[in-house]
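Those letters in the sequence shown? Residues 1 to 510, per full-length UniProt numbering, in order.
Keep in mind the hints are simulated off the structure, nothing from the lab.
Note that the Cβ used here is the ideal one computed from N, Cα and C, for glycine as well.
Please note: incorrect hints may appear among the correct ones.
[To be verified] Label pairs and their calculated CB-CB ranges:
no., residue 1, residue 2, range
1, 79, 163, 19 to 29 angstroms
2, 357, 328, 20 to 30 angstroms
3, 226, 252, 49 to 59 angstroms
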Amino acid sequence: MTRDTDWPELLCIQNSNQDTVLHHAVCQNYTEATELILSSVPSAELNTLLNVQNTHGNTPLHCAVCRGQSDTVKHILSLVPVDELFNLISMQNKDGDTTVHQAVRKYNNMQTTNPLIGCLSAANYVKLLLIQNSHGDTIAHVAANYRKMPQNNYLPDARKLSEFWKTLTTVAPGDMLQISGKQNHQGKTFLHHAAEAGDAEIFKYVMSLTQKADLCSTYSLQDQEGNTFIHCATSLGHTDIVKCLVDSVPSADLWKLLRIPNQQDQTTLQQAILSNNMETLQCLVAAVEATDLYTLLLTQDIYGDTAVHSAVNGGHVDALKSLLDKLSPKQCQEILNIKNLKQFTPLIVAKSNKQYKAANCIGEYKRKAENYFEGSSRMSANLRDSLKYLNERNRDVDIIQLPVKPCTLQSVAEKFYSDNVYRMSAPVRGRCLIINNRYFDRPATPAPGQVQLEHRDGSEIDVMNILNVFQQLSFDCELKTNLSSKQMLADIWKETQHPDYKDILYFMIL
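Working from the sequences, and respecting the hints, build out all of it.
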């Protein structure tokens, strides 16, 4: 007979694989034997037995988790004191995996994972999420990586993994930022794996748990190949993830992210071209201003190719048009003249690769740009001046000079009394009411058909120029400034009641 005091020691004896009898019972799925062993050990000695690791570094709990024995997992957890639970669950085997790493990796993971996570405090759960295995993967890495493995798409419980991400709602924003920033030995965060899997759901959870100001620092992390998760998403054509990024990040931060080059000096825009996914490309093009798009298109990779070179090289005419349509003629001309390391412009690349449709497309854009500049050079000086003064955002305009031309007629009096000369029938040629409003009343709910005027962006020089022109034309001018809509209507009506209104030319300028 074995003494009671010897029984725990016997149960801890390990075989050549360093397995105890409890390891063996769990691995062979001997449920009754497992329960009998667990119930026969005094609670004071049970923790010692549960912490024994075999040659693979697995505890009995690892073995139960690995085999998806959720009932055994629950039974073991119910016998362990609360203050010892984290130490048992977080024990790492020789691969550095905790029990939750293993649970998440299995197809029936949530039945086993939920009891493990549910018995931990919020603080201990965060500690668990920060543990990295021998590959540098956290539990979040394993969960995201599981989603991108093709064979798992056919498993009956494959979609249950989405429940894992809901457990992160208890994580504070600061802790979520730290978890998102953990990189494995390939430099990948779990967001890289999620981007490769095309799982937009993960990003929605992360965005909801992270401060917007911190998103840029997390999203800008690069793996060993220099790729951010956005490079991964665009290269695989996962437009939903690109849209999540565009919608969640402020425009200034988005611009910073899109400019990041990988080891090949390729931006996300060039990756989108290379993947030939028009939906992803159009999403990126629409998200940036024309000047920012122009700057992105100036970027050259290690071969000297721009995104336009890459587009014509693959014969992607629609992509080429999407890029160039947003540029000014000058910007378009400059982009199309960039040479790669072979001294090839995009046009030469297109022709050398027999991409004749792309070559024709480039030719059209080049002709449009050349015609624009040719027409611009022939533009008269007077017309250029007129356009300058019409642009109220131009702060460089000066006061219009209107010199009075001397009359060269031989007989002014004779000409004046002839039939083909206009004669003024009033002391002045006309009246002009000038209303200079910088701001206009804009009701929240305008009446049907009501015109809402945009606020002005001009300067006082604009007003002086208008006044100068009409005074030179012998108009009697009156200037009003910043009128309310009610006062404006009253002043206009008052002008229409002027005694000279019916007999002279009348202008009202807003």
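Outcome of the hint check:
no.: 1; hint: 79 with 163: 19 to 29 angstroms; in the structure: holds, 26 angstroms
no.: 2; hint: 357 with 328: 20 to 30 angstroms; in the structure: holds, 24 angstroms
no.: 3; hint: 226 with 252: 49 to 59 angstroms; in the structure: violated, 22 angstroms
Violated hints amount to a single one, hint 3; each of the other numbered hints is respected by the structure.
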